[in-house]
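With the hints as your guide, set chain B with the ligand onto chain A.
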Amino acid sequence: MTAVIADLREVVAELQAIVGAAYVIHRPEDLIVFEYDGSVDKAMPQMVALPASTEEASRVVEVVGRHGLPIVARGAGTGLSGGAVAEEGGVVLALTRMKRIIEIDPEDQVAVVEPGVVNVDVSAAAAEYGLYYAPDPSSQSACTIGGNVAENSGGPHCLAYGVTTNHVLGMEVVLADGSVHWLGGRTRETPGYDLRGIVIGSEGSLAIVTKVVLRLLRQPESVRTLLAVYREIDDASAAVSGIIAAGIVPAAIEMMDRLCIQAVEPAVNAGYPMGAGAVLLVEVDGLREAVEEESAEVERICRSRGPMEIRTAADAGERARLWAGRKGVLGALGRLAPNYYLVDGTIPRTKLPEALARIGDISDEYRLPIANLLHAGDGNLHPSVLFDERDPDELDRAMAAGGEILKLCVDSGGVLSGEHGIGLEKREYMPLMFDDDDLNAMARLGPAFGSEGMLNPGKIFPTGADRTHVSHSRAAAKAGAGAYI
Amino acid sequence: MIDSLDETTGRAYAVDGVIPRFAARPKDAEGVRDALRFADERGLAVIPWGGGSRIGLGNPPHRFDLALDMTGANRILDHTPGDLTATVEAGIAVDALQESLAVHGQFLPIDPPLPGRATLGGALAVGTSGPLKWQYGSIRDTVIGMKVVQADGTITKSGGQVVKNVSGYDMSRLHVGALGTLGVITEVSLKLAPRPAGEATVLARFDRPGPCFAAALGMFRSPLMPLAVTAFDARAGRRTGIVDPPGAWRLAVRLGGRPRALDRQVSESRAIIEGAATAGVEVLDAGGAETAWRALSDFGWDEPRPILGIRANATPSGMPQLVEGIKNMNGAGGLSLAIAAHPAHGTALFSWTGEDQASDDVAGIIDRARGLAARAGGCLVVEQAALAAKSGIDVWGGIAGPESVARGLKREYDPKGILNPGRFAGRV
Ligand SMILES: Cc1cc2nc3c(=O)[nH]c(=O)nc-3n(C[C@H](O)[C@H](O)[C@H](O)COP(=O)(O)OP(=O)(O)OC[C@H]3O[C@@H](n4cnc5c(N)ncnc54)[C@H](O)[C@@H]3O)c2cc1C
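Chains as they are written, first to last, in this note's numbering: chain A, 1335 to 1819; chain B, 5 to 432.
I should point out that these hints are in silico values taken from the structure, not numbers from a laboratory.
Treat the hints with care, since some could be wrong.
As the list claims (entries may be wrong) - Which stretches of chain A does chain B cover? Using the computed rule of at least three CB atoms under 8 Å from a CB of chain B, they are:
#, stretch
1, 1637-1650
2, 1726-1739
Unchecked claim - Computed spacing ranges between beta-carbons, pair by pair:
#, chain 1, residue 1, chain 2, residue 2, range
3, B, 371, A, 1626, 52 to 60 Å
4, A, 1367, B, 99, 17 to 25 Å
5, B, 99, A, 1600, 54 to 62 Å
6, B, 294, A, 1626, 22 to 30 Å
7, A, 1771, B, 398, 28 to 36 Å
Glycine residues also receive a C-beta, built at the ideal position from the N, C-alpha and C atoms.
The following block holds chain A by itself, in its conformation from the complex (with noise of 0.2 Å):
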């Protein structure tokens, strides 16, 4: 034991001499608030080392690598799945520190940037040019890129625009042995094994991303949302096949149903009328004749399904009017249960009539409301189990139904999450999809990258434990002003 923490103090000595002593947390007291992410789980890490530079980040991968320890890396400890969560302990390598803008290319329309930066800023940064950084998150206002590129990041327009893998040119990455490497560039195509997109979505486990280069995209000249309102989520959802069989890949297509309505109405006021069973909103963006005229057809289509209502706004302050109620959705839940459980899944877009009345069963079933959120453009559900942990028997069913929920996607022909990741979270569910054939093939990357057990050991793959136990009450809090799911 006293070994052990001698051997502490020495690793501790060591970064503080890369880092300085500011930029090394070791005491308990302190270490708390990188306990957790935005998921339930926990663990204290033994220290956090917060580098300035890849430099610095590369000489303290390799020190705490010579000690043995596990190396965690966290950006805004956003994640849904636990990913930054340091199970075996170790050393959390925070890259906050790391947020500079390097630069913006207006020339060649790509971003260079840190980890650490704050998805939103490139954006900002990128504005004057005319041009943005098309990923957006819903945490966006506090996510790091370093965080998005780790769990290949999705957002609500990333329907038309594709998610964070299809931005990312190339990265500088920091190896497990402390060496510093390029994979990719500032081309748009580099021979070779593609390192990047093995990279992304990874995790933290192969590799420490401490440089990106992004591509930015063109403001769109006109964007046009549209707002209709159902009283029955069958005809949202008829309505959203109506839009993608007619060839129309929308910006967005998002979509909640009664409950969530129930819960935002009183506290946004958004207008909804009573009795609403869905509310479908739909963005159009481009070139201001193409919105014009996909606009048009995708009214037609929504009238053509009975909706209750229709709204459309064309100009920034309407806009935010019809996506208040979507965005308020989240903060809102909290007032019909002091917790909810939100699944990440997606289901073939065809499946989302069946897959609904499904979720309606099992909330049934486990006697518990289910309030369902959805970018249902691409099949992504986010059903939220509501709950209160306080009693037990509760919590042990919600998580039960969010592993039907799961189970249900699977069978459906779908997967075990379409944004936030396995991590812990959905670790033990992941033979749902896998054989051991499959996970085995995965499992060979980490010894390929020369990372096994040493970048985020413990994450992604099945232990053979009991599914995890998780709650997302805290999530929205976490993720800052602004922030909804």
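Here is chain B with the ligand on its own, set in the frame of chain A:
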């Protein structure tokens, strides 16, 4: 199931002059597994064969014993138009797939060379596509799920059949662009796109490359959303049926959309082009556009096959200089050079044709071109060259990025080194 080949029958599957002793033409993943087990047990080197349209790409193989002909596994397993997704076997020819998707007004937004022959699996293994990537991005981005048979015959799957998925590592990235060195792609789930409601192609002529590239980059920096923008010289133009005086350049702009948006894109493209000192602009009719884009996506792999074919990458703004640099390089003696470039994507294709050259001369051209690409912050792949010229170099220009990881991947996924041995970057 495994056929023994002799000199004559084996020749059909030769790669860089190496003739295999065995061939297998499985009709599904299980058949691929059986063939790979056969090879694994005997330590035979395997090269998966698609349509053979770009089979010569890569370093000469260290060994080659078994040709794994993938064209027998070519079914469309699922296409759900409402989901804009499809799952197909990798041996399907790209054109055959497109034809079937077109019935539902959809397509796979890739346009690799020779799509009548090229299989989807082959196109993915090579990892590069054609002009459409301007709008639709890399061929990698169309893959949402994959079934791969590993070197030892283990069948593994990753991803899924939905467009948004972060369940586990993004394993398909390992195989797209890996030239079949880490596993054999047997099934692929794809993200499709609706076909544009209407299309138009604007074709402009320039007296010099400078204004042609200026117009292309003007398009890149405008609010317009072209499907493809390709700049090409008079020799490349000849392959599209355009006869221009030497020195002339052309810019083809492919536009899509609903009627009013399309009209505006056509007129604003014209305005950008006219602002860049064009020698004339026209809008092609549908037939002319189709012929031109076919030829431009085939460029470099069509006939006559080049003595030397190079694909170079740079940033969009670095493109004009790179193209000028390689065009004006001396030492290419009796060869004639044709060039086509996709400037927004930062890709340029150089195709030298003519009489056989001394391999030293070819090596010299490659060397100088590689230097120019590196100076432009880019890189270069020798896609086609005579065996003698390829033998002395790494056509990929070596391993970019951490060598330990590239070799680590090969060690983990193909420990016996039986898949395409020696052919990929760093001769893994
Ligand atoms: C209210 C709310 C809304 C959300 N909405 C969305 C949404 O719409 N779409 C979506 O996709 N997600 C969403 N999320 C989830 C979360 O915000 C994203 O996963 C985000 O990308 C995490 O970023 P972070 O900086 O907080 O990373 P963290 O939580 O700190 O870390 C996440 C993972 O990334 C790794 N990591 C962090 N930085 C690095 C680095 N530099 N190098 C290597 N690995 C690193 C960590 O080890 C960990 O595994 C939401 C979360 C909340 C709380």
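### Query
What hint numbers does the structure not satisfy?
1, 2 and 4
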